[in-house]
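From first to last, the protein sequence lines stand for chains A and B. Going by the working numbering, the first sequence opens with residue 11, and the numbers climb by one from there. Going by the working numbering, the second sequence opens with residue 242, and the numbers climb by one from there.
Don't read these hints as lab results, they were simulated from the structure. Even for Gly, the Cβ is constructed at its ideal location relative to N, Cα and C. Hints should not be assumed to be uniformly reliable.
[Said to hold, decoys possible] Per the computed footprint, the stretches of chain B lying under chain A, defined by three or more beta-carbons under 8 Å from a beta-carbon of chain A, are: (1) 755 to 768; (2) 777 to 790; (3) 870 to 879.
[Unchecked claim] Cut-off 20 Å, straight-line C-alpha distance, at most; resulting in silico cross-link-like pairs (SDA-like, lysine to any residue): (4) A:K139 - B:T813; (5) B:K620 - B:S708; (6) A:K45 - B:R763.
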Amino acid sequence: MSISTSDPATKLQADSVYTFALVDDEKTTREHWIKLLESFHNFKCVAACPTGEDALQVIPAAKPKVILMDIFMPGISGIACTAQLKIALPQTQILIFTASDDPELIFPALEAGADGYLIKQAQPSEVHKALLGVLNGEVPMTSGIARRVAEHFRKGSNLPHQEMRLSNREREILVMLSKGYSNKEIAAELKLSIATIHSYLKNVYEKMHVHSRTQAVAKYLSIKSS
Amino acid sequence: MSFLLRLTRLSWIVIWMTLGVSVRAGTISAFSLPSTGTDLASGIDSSNTYLCTLSFGSSNKPLFINGVPFQQVHLHENGNRSDERHQFFCGSDTHHGGTWSVSVTLPAGDGFAGDDSAVGNLVGADVQADGAMLSLLNHMCFLMTEPLNLTNGTTIKMNFGGLRAGMKYSLRYYYRQWSKDRYINFSFCGEGAEEQYAGNPLDMDAGGAAFIEYDFVAATNDVTMLMRVVLPGCGPHIYGMTLQPLLAGMGNHGGPKLPIGASSAFPLVTSTTLPSHSGVGSWIWASATYDRQACRFWKSFVVPNSSPVRSATLLISGDDYYHVLLDGNDLGRGSDWRILTAYDLSPLLGKSGPHVLAIEGANDFGAAGIILGLDIQLKDGQLISIGSDASWRVVPNNERGWETKQNASPLWPKAKIVGSAGVSPWKLDTWEWGTKVLNAPTPTPVVVSFWQQLWFESVLLTFFVISIATGIYLMGRLILNSKEHSVIRRERARIARDLHDGLAAGLTQLVVCGESAKSDLRSCPEAQPGLDEICLKARGLLNSLKETIWIVNSQRDSLRDLILHLCDYTETFLKPTTIRCRFDVAADLPTLPCDVGIRRNLMLAVNEALCNAIKYSGASEIQLRIHWHDNKIVVRVEDNGKGFDPMKASRERNGLTNMEQRANDAGGRCTVVSQPGAGCQVEISVPLRRLRRFSLWQKGQPEVHNDQLTFPASGSEATESSQSKSA
């Protein structure tokens, strides 16, 4: 695996301690997963919150490198919480931590600023691997997510802002992902490094965030003017 | 001046007497028979055509005078006058002409009497006649006034019908005087007004036999003779009468004869049906008459296309009521049998071809009848006459559309002639047929456009009613359904949420606990397989539950959701295996509503196809193609495996039947194409019309197949579990 030196995750890796925060209303899940994650080398929990409101108060100060965020919680949802934490901690990787890998749930979270997702019932080793990947600059994206992202940008293709539109290469990668190709296969096909693929995908996410924020602003303005 | 006037009147009388011709009235002449003579002196001749020959006597023996058969009318029986009271009779002379009607209107007292015993007293009866004439004289009747309370002015009327208007006739009355001062006045009505013989007919041959001849041009279809009592006492003996048509030059007795069978000159004479008053037939009714009876009469006729119609007049009357229609068009109604109503039908008969006359008659009580005649005069001179007769059909009251039917049903009985025109009970002293004719307003043919026609209006109305009914039904269904639908949707969303929050969350915790326990018991290797098993099973349950939640969740009811989910499902399904997964999915995913039945069955069919591919194909790649066109979703599962021969493969083993059933349940079909070495392509196409919100009929779906989704938790185990399930 080649790692780009410009990737911030690389610097994080140098610190060699992966601080994380867990937001989940289920005490059992919270406690067990903290125990499981801390059993991995260099993983340290800095905050454990039962609600989104708690998380917004505690986590910005704790400044974890990664946040595991449940979606369904009493009070504000994990998605709303993600959107606010992303503003407060732009460098922090926020992963949706959910029992369901239903892209219909995950996609809004990604739109709101999440960097990926983890399945709660997955094997701890898989979760460990995924966390390391994210911390090392990988951008997780399944074909299902890619399809929805592609669809999202097709719908917004008439947007006036160039920065919100996908580049040809970004679109190409998305389409290949949605067709079921793995990052490795895409890299081979397009003669790019996997890290480059990830940076393209990161851009895609960024544009999606900008897009959704713009939409939110537009919505806000239209409400005010009416 | 007065002399001149008298002279003129006299000259007119002379002209009438000598020529027997009148311009405006008939001619009445009295002739005496020779005081001695034979039957020939009567002028009755077998070489002549008579419309009517009647003898007034009591004998039932057939009577011939000079070979001419006389019809006996029975006015009395051996002097028993009470039997004859108010009698009317119909006579006919089939020997010389058609059927003729004679009626006698008697006042409230018997005016006729037979007096066989009186014959011997007749002066010179034996010398004035011989043979049949004498026999006739011996049976003659007399008009008796003395024993009854006949007063001066009492009239006895005899009516002879069946004439043809415009034709010339001669009516003779044979009588013998009793006494010169016991005379009666004779008057006749054949030309529209009563005409009286001015003199005393007994003056002609006092003590002998005589006859009065009335020559006239028939104004209507009958002629009436009235005998008016002038003095109390007995009138002359009368013994017979003849009625004959006259040709030009004929007149009086002894003139030119009308040869028997001269039908061309007198078509009515040889008519086998009852000739009528310029087309009026007989009174007709059903075979039975009863009170409060409705009776329908039907007759069709054809207007030839050879010549246009010049005139067409319908005369009709009904007892007690009639309603007449032509070709289903209302002509009119009437309720007074005394009055004939004339309808001008020429505007309605412009079209040649078949036409239908339909009459609805009704009877309140007592006698009932309908009488009518229709004369259609064509421009080429052809005359079509339709009278009420036995050829009319009586239509059952439950028959529909009879008034326009062009052919009679054989089940319709024929009408019955219940009386001739002017006979009792349809007779009146003051009423003469043809003198009271009301002219109905000329009907104008109604131009009926097709949209005004009954069939069109019926169709329109039916369509309207059906539309409204369907609309109401659908509206009701829609309201019910949308209510039902929204209830179901809400329920489904709730179930999905409950499953997710409860069962799925619990299972997730179970997995986490299991993993946690595994981590805690790292130092205890013998505990690991059991804990692994717990985690594996819980994850499998979670995956199945996830699918259930997806299917149940009403927020995933669009085609877009279905297509995306099929991809996600396939991706997840193949993740634990070594099989690569490729997608070929249409870019623009429609957000059409997609019935939960389609979603579920399609999911199950794809699941089956994927299971087959994993189990049997040995493929390294599976391609899922989903396209949408013509309101149909087409899902193809293609593998690059070793393939098989569909003819040889056990359908059960390959789950092909199951896939087909799934596709059928979703309203679509499934085709499998494969051959050894060329992989396998399963195509499931399902039309998207199964959303039942607007459907008129609903039927349950048979639940006969294994509904469980087979979900591999990991590569090897998935294959195993699938196989064990299939076995």
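TODO: Assess, step by step, whether the Cα of B:K620 is no farther than 20 Å from the Cα of B:S708, and give holds or violated.
DONE: Between B:K620 and B:S708 the Cα gap is close to 52 Å, so the pair fails against 20 Å, i.e. violated.
TODO: Compare the distance between the alpha carbons of A:K139 and B:T813 with 20 Å, and conclude whether the hinted pair is satisfied.
DONE: 18 Å, holds
Open item on the list: How does the segment 777 to 790 of chain B fare against chain A when you require at least three residues with a CB closer than 8 Å, holds or violated?
Closed with: Coverage by chain A holds here, the residue count being 5 at a Cβ distance below 8 Å.
Open item on the list: When I compare C-beta atoms, does the segment 870 to 879 of chain B have three or more residues closer than 8 Å to chain A?
Closed with: violated (count 0)
Open item on the list: With the threshold set at 20 Å, check whether the alpha-carbon distance from A:K45 to B:R763 stays at or below it.
Closed with: The given pair, whose Cα atoms are some 13 Å apart, holds under the 20 Å limit.
Open item on the list: Between the segment 755 to 768 of chain B and chain A, are there enough contacts, at least three residues with CB-CB distance under 8 Å, for the coverage claim to hold?
Closed with: holds (count 3)
Violated hints, in rising order: 3 and 5; the structure is consistent with all others.
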